[in-house]
Amino acid sequence: MLLTSAIIGATAFGIFRWRRHRQRLLREQFIAGFEFPEQLRSRLTRHYPQLTPTQTGQVLRGLREYFQLCRLAERRMVAMPSQVVDVAWHEFILYTRQYRQFCRQGLGRFLHHTPHDVMPNPNAASDGIRRAWRLACSREGIDPQLPTRLPLLFALDAELGIADGFRYRLDCGAHPGSYRNGDAYCASHIGCGSGCSGGSGSNNDSGGDGGCGGGCGGGGD
88 MLLTSAIIGA TAFGIFRWRR HRQRLLREQF IAGFEFPEQL RSRLTRHYPQ
138 LTPTQTGQVL RGLREYFQLC RLAERRMVAM PSQVVDVAWH EFILYTRQYR
188 QFCRQGLGRF LHHTPHDVMP NPNAASDGIR RAWRLACSRE GIDPQLPTRL
238 PLLFALDAEL GIADGFRYRL DCGAHPGSYR NGDAYCASHI GCGSGCSGGS
288 GSNNDSGGDG GCGGGCGGGG D
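For reference, each letter of the sequence shown is one residue, going 88 to 308 in the numbering used here.
Worth flagging that the hints you see were computed from the coordinates, not collected in a lab.
Virtual Cβ for every residue (Gly too), placed ideally from N, Cα, C.
Any given hint could be a false lead.
As the list claims (entries may be wrong) - Distance ranges between label pairs, derived from CB positions:
| # | residue 1 | residue 2 | range |
| --- | --- | --- | --- |
| 1 | Gln137 | Leu113 | 36 to 44 Å |
| 2 | Glu227 | His200 | 17 to 25 Å |
| 3 | Glu161 | Ala245 | 26 to 34 Å |
| 4 | Thr183 | Asp258 | 21 to 29 Å |
| 5 | Pro136 | Arg109 | 25 to 33 Å |
| 6 | Phe197 | Arg226 | 19 to 27 Å |
| 7 | Thr235 | Glu122 | 17 to 25 Å |
| 8 | Asp230 | Phe197 | 20 to 28 Å |
| 9 | Gln232 | Arg191 | 34 to 42 Å |
| 10 | His199 | Asp258 | 17 to 25 Å |
| 11 | Gln137 | His177 | 25 to 33 Å |
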């Protein structure tokens with residue numbers, strides 16, 4: 088009797104894990120293949136008329152990548168590292184029905200956009216940007232503590248010449264003090280936090296804006 092119960096329990100647990108893995112895979116594939124509303128491109132170029140069609144495509148690729156980070160983080164807050172992608176996200180939210188359906192199928196929940204100035208606590212932004220950094224590095228095969236390049240979301244604003252964008256540097260030693268002077272943020276500082284510890288969900292990072300400046304809100308519950 089006990090053996091039968093154990094077998095049934097193990098089987099049920101195995102089925103649960105398989106279904107959960109399959110659900111995660113389906114959500115990842117849905118986000119990767121999702122086609123944003125065609126009008127989103129024209130809305131984006133109203134904000135940034137200098138963007139070429141190819142560059143607009145890069146921004147939408149960045150938006151998909153941000154949603155993948157939110158998927159991996161589940162309900163934990165993920166800060167938005169890119170200003171131009173944040174604008175694209177704002178515009179996508181305006182397509183309320185499509186956005187709601189996208190969130191349900193790709194994330195299993197509605198992803199709220201939380202501005203920086205209404206974060207739940209002073210460290211939420213720094214936690215969120217570090218979480219974004221670690222997840223983005225993991226997806227692109229980058230060492231978060233010793234990066235040799237920037238992940239897409241952290242490189243995009245500078246690559247596209249976004250005037251009000253966020254800037255990040257790899258070589259912080261060559262630019263002392265740039266971590267907080269509004270010029271550019273030190274990527275390795277974001278990755279290390281208070282001691283280079285913790286996984287994607289760690290909340291023991293040090294205080295401060297953590298690479299967000301006066302913006303850098305994000306999604307989460």
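Verification of the supplied hints:
1. Gln137 <-> Leu113: 36 to 44 Å: The hint (36 to 44 Å, Cβ to Cβ) holds, given that Gln137 and Leu113 are roughly 37 Å apart.
2. Glu227 <-> His200: 17 to 25 Å: holds, 24 Å
3. Glu161 <-> Ala245: 26 to 34 Å: For Glu161 and Ala245 the Cβ distance comes to about 29 Å; the hint holds.
4. Thr183 <-> Asp258: 21 to 29 Å: About 43 Å separates the Cβ atoms of Thr183 and Asp258, which means 21 to 29 Å is violated.
5. Pro136 <-> Arg109: 25 to 33 Å: The hint (25 to 33 Å, Cβ to Cβ) is violated, given that Pro136 and Arg109 are roughly 43 Å apart.
6. Phe197 <-> Arg226: 19 to 27 Å: holds, 23 Å
7. Thr235 <-> Glu122: 17 to 25 Å: violated, 33 Å
8. Asp230 <-> Phe197: 20 to 28 Å: With a Cβ separation near 34 Å, Asp230 and Phe197 fall outside 20 to 28 Å, so the hint is violated.
9. Gln232 <-> Arg191: 34 to 42 Å: With Cβ atoms ~36 Å apart, the hint holds.
10. His199 <-> Asp258: 17 to 25 Å: Violated, at about 36 Å.
11. Gln137 <-> His177: 25 to 33 Å: violated, 19 Å
Hint violations for this structure: numbers 4, 5, 7, 8, 10 and 11, all remaining hints satisfied.
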